[in-house]
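Protein chains: 2
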Amino acid sequence: MLTYTFSSGDGIPLYEQLTNFIKKDISDGTIAAGDKLPSKRTFAKHLGISTITIETAYQQLIAEGYITSVPKKGYFVSDILREFLSIPGADEKNIHTDLPSSVEPLRKSWLTDFSGNESDPDTFPFLIWAKLTREILAGEKDRLLTTSPGIGIQPLREAIASHLNAFRGMSVDPDHIVIGAGTEYLYGLLIQLLGFQSKYAVEDPGHRKIPMIYEQHGIRFSYLPLEEDRNIPEILQKKNVDILHISPSHHFPTGRVMPIRLRLSLLAWAKDKEERYIIEDDYDSEFRLVGQPIPSLQAIDPAGKVIYMNTFTKTLSSTIRISYMILPPKLMQRFREQLSFYSCTVSNFEQYTLAAFLSRGFFEKHLNRMRTYYHNKRDRIMKALLESPLAPVIHISEENAGLHFLMTIRTELSDDTLTKLCEEKGIRIMPLSSFYHDVRKANPHVFLVNYSSLSEEHLEDSIRIMAELLKSGEDN
Amino acid sequence: MLTYTFSSGDGIPLYEQLTNFIKKDISDGTIAAGDKLPSKRTFAKHLGISTITIETAYQQLIAEGYITSVPKKGYFVSDILREFLSIPGADEKNIHTDLPSSVEPLRKSWLTDFSGNESDPDTFPFLIWAKLTREILAGEKDRLLTTSPGIGIQPLREAIASHLNAFRGMSVDPDHIVIGAGTEYLYGLLIQLLGFQSKYAVEDPGHRKIPMIYEQHGIRFSYLPLEEDRNIPEILQKKNVDILHISPSHHFPTGRVMPIRLRLSLLAWAKDKEERYIIEDDYDSEFRLVGQPIPSLQAIDPAGKVIYMNTFTKTLSSTIRISYMILPPKLMQRFREQLSFYSCTVSNFEQYTLAAFLSRGFFEKHLNRMRTYYHNKRDRIMKALLESPLAPVIHISEENAGLHFLMTIRTELSDDTLTKLCEEKGIRIMPLSSFYHDVRKANPHVFLVNYSSLSEEHLEDSIRIMAELLKSGEDN
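Chains A and B supply the protein sequences, listed in that same order.
Residue 1 is where the first sequence starts when you use this note's numbering, and the numbers rise one by one after that.
Residue 1001 is where the second sequence starts when you use this note's numbering, and the numbers rise one by one after that.
Bound conformation, chain A alone (with noise of 0.2 Å):
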């Protein structure tokens, strides 16, 4: 019969120990498939145990399934086929895959970033939203535990309808707005909802991670030239494009503001075809530091075809993943049918969080400081940049945008070349061309300077690092 020695010292329970000498015994053929296992009773006596700790292990070892029990005979061994213990080729799970060891962003400390566009972490209202948190986890537990509808729960979709209403002149219906956990996953749940067969167009130059979203789903996508504008809707017609992706408040990285022509040509586009839609990116308006905000899409939208999209990662913080759509009739009718199924991405404690700081007052207070800090910021590194020896050989446009501005710099150097001279130094920039696909249509020796998270620590040192590096440039 069967015999084993059981350890005590190490704490695994005895039937733990037993089901795992039968395993090993049966996965090396000690035990054969087919063989019949000891009876309880007689198993229990053989090794000194208790007939409960034997039948503990052998229920074990039916439910994993290495043995059976016939009812009236017994348990025996079953056929598990052995050979597959021992694949071949089992080292493979350790192929090298060169991974570092750690996957923290490889941040390169940098003397100075003209590029970075996280939000500036010391910008955001930490101890209100602690505070909101607190509050919210001391409040009623029910609401918290209830499971939040799949387009977020109702207080947050109130108080961001409100909030544009007040901000944004928009007239919104709270069951209209699906609450996500980021823009990009939005995205996806447009893509499903419009279908995989719809043709996309993005603006170009635009932000990158849009027409990457579009390609790892496999979509079809065109670049509109931005340029272009006055052709744009024959474009769109000529391309059979479907859907439009747009930034119309405030292009990225241009900065520019889309005329209220092309506004209302694009819409008489989308009313012309039943499946057309255009999705507005609306990512950034709250900062636009001088004049009203530049009326949305959707607020002159009168026939359904625009969904508007918006985020807090801008406005709050990078680390806090809230975004929000708004669907047009007809696409939230389809939404329910199609995809409410889907669980809400975003915890109940962050929706009910960002709802309390919406609602009492708090986002706009924020909105407000944060406008005049970033005219401030603006303006220094503006100052910074024209009381500079680099002020001869720049120019500065597209002011008004919200956390950048466009420099153009006169040298005979490459965009590429100049980067990689600033990157030698320390300084991170970053060319307007890198944000176009046909980089052929870039005005060149144009860069982007992304002051959200800028630090000015080194700034000056910065700047005249580049002066130099434009004069030596030009002296070869």
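Heads up, some of the hints might be wrong.
As the list claims (entries may be wrong) - Below, computed lysine-lysine pairings styled on BS3-like, alpha-carbon distance capped at 25 Å:
#  : chain 1 : residue 1 : chain 2 : residue 2
1  : A       : K365      : B       : K1024
2  : B       : K1365     : B       : K1131
3  : B       : K1131     : A       : K141
4  : A       : K199      : B       : K1141
5  : A       : K141      : B       : K1365
6  : A       : K271      : B       : K1131
7  : B       : K1131     : A       : K131
8  : A       : K24       : B       : K1271
9  : B       : K1199     : B       : K1209
10 : B       : K1209     : A       : K330
11 : B       : K1377     : A       : K141
12 : A       : K209      : B       : K1330
13 : B       : K1271     : A       : K131
14 : B       : K1141     : A       : K377
These are computed hints drawn from the structure, not numbers from a lab.
A quick note: this is a predicted structure, and the numbers were derived from the prediction, not measured.
Position chain B against the provided structure of chain A, taking the given hints into account.
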């Protein structure tokens, strides 16, 4: 010259009022395209307001594209295609969509709901979670506001790896873990990773959401009839399946544990071709109430063919959206190349809270407590059933599986009829057949008893009512 009357009572700044007046005049044709607007100084004098106000209004109109500035000539009205301003069919936006005014889930309050599969809100370790959240918020602010890597923060991935090692005997590299806001989101990422051309297979019966997700992504998939266990590798071969989606440790809804023989043969099937993978959905293995947890397929996969998935939504609360997957080395490499541009969908606050919850041993304690809780609850419910008037006509099976068991009812009534009769009495039951794609293959008269969120308040009444329904059903 244009003359406007400004109001001072309603708090709208003068420049904004002026902007709106001019927009309206342009829109309704009072000012035509090409018309020159008054110079700032003249206009200011005429209206009795400052030139700054005129300047601000003009800048806003320029920004929105209503007018253009021609250097040294003045401000001219753009050609804004007025015809679009009153698009016919403008009222379509208000089409009736038959939506309820509120979209909170229409929750019928059942006398007893035998089908609910949410976690019991009362069991969520609310106080500890709240305490940890407060600690996290009081801790290092910098860390919380630093953007998370796309795959999630390192401390959480490390805590998950340790947990899996201690609890599931799995050896997992934290850098192969991807954190996301729910398994549904992770399935979407996997589809992008594995390609839209891959052919999938899902279990029949099985979780109904999984085929819905594949369907919405336009993925080809087959159903695998569960009762044809032995033939599954051949079926996969014949149907040209690339990706097999299964829950081997605890099949839903039957509760079956996949026998080791089949496990090994599936691993061998996957190993046969480069692009074959197995998605192992291990969603509630933590709640096996008797014996050890069943070893995961991932743990016995030597060839790197298993994608392991699990969630904290089941073990903590359905309102916390944190799940993870473990990718084998080759897929992790591909993930880095293709999908690392995606931001992590879980906010830092919750990632750090969960990391502390895991690493400080609270999760383990919670699971132990929950197993006892569910064990007792299951026993009470089974006792209530087996000591009730229902006892003579029911048979209970699979009672060691986590969080639900199956109850076969001896009756002439069809599953549909019995479900409807119960529903009329406020009792919700779910036949096993409703989880089948091919309903003909389902055993009739088998019902799910999901006790995770089952309220015991009216349990005895409900059981008595069901017994009466069955009796009168027979009498007819």
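To see whether the hints hold, each was checked on the structure:
1. K365/A <-> K1024/B: Violated. K365/A to K1024/B sits at ~31 Å, over the 25 Å cutoff.
2. K1365/B <-> K1131/B: 16 Å, holds
3. K1131/B <-> K141/A: It holds: about 14 Å lies between the C-alpha atoms, which stays within 25 Å.
4. K199/A <-> K1141/B: Violated, at roughly 43 Å.
5. K141/A <-> K1365/B: 21 Å, holds
6. K271/A <-> K1131/B: Violated. K271/A to K1131/B sits at ~53 Å, over the 25 Å cutoff.
7. K1131/B <-> K131/A: Distance ~13 Å between K1131/B and K131/A Cα, so the pair holds.
8. K24/A <-> K1271/B: Roughly 23 Å separates the two Cα atoms, so the pair holds.
9. K1199/B <-> K1209/B: Since the Cα atoms of K1199/B and K1209/B sit roughly 17 Å apart, the hinted pair holds (cutoff 25 Å).
10. K1209/B <-> K330/A: Holds, at about 24 Å.
11. K1377/B <-> K141/A: 22 Å, holds
12. K209/A <-> K1330/B: Roughly 24 Å between the alpha carbons, so the hint for K209/A and K1330/B holds.
13. K1271/B <-> K131/A: Cα-Cα ~53 Å, so violated.
14. K1141/B <-> K377/A: 22 Å, holds
Of the hints listed earlier, those the structure fails to meet are numbers 1, 4, 6 and 13, in rising order.
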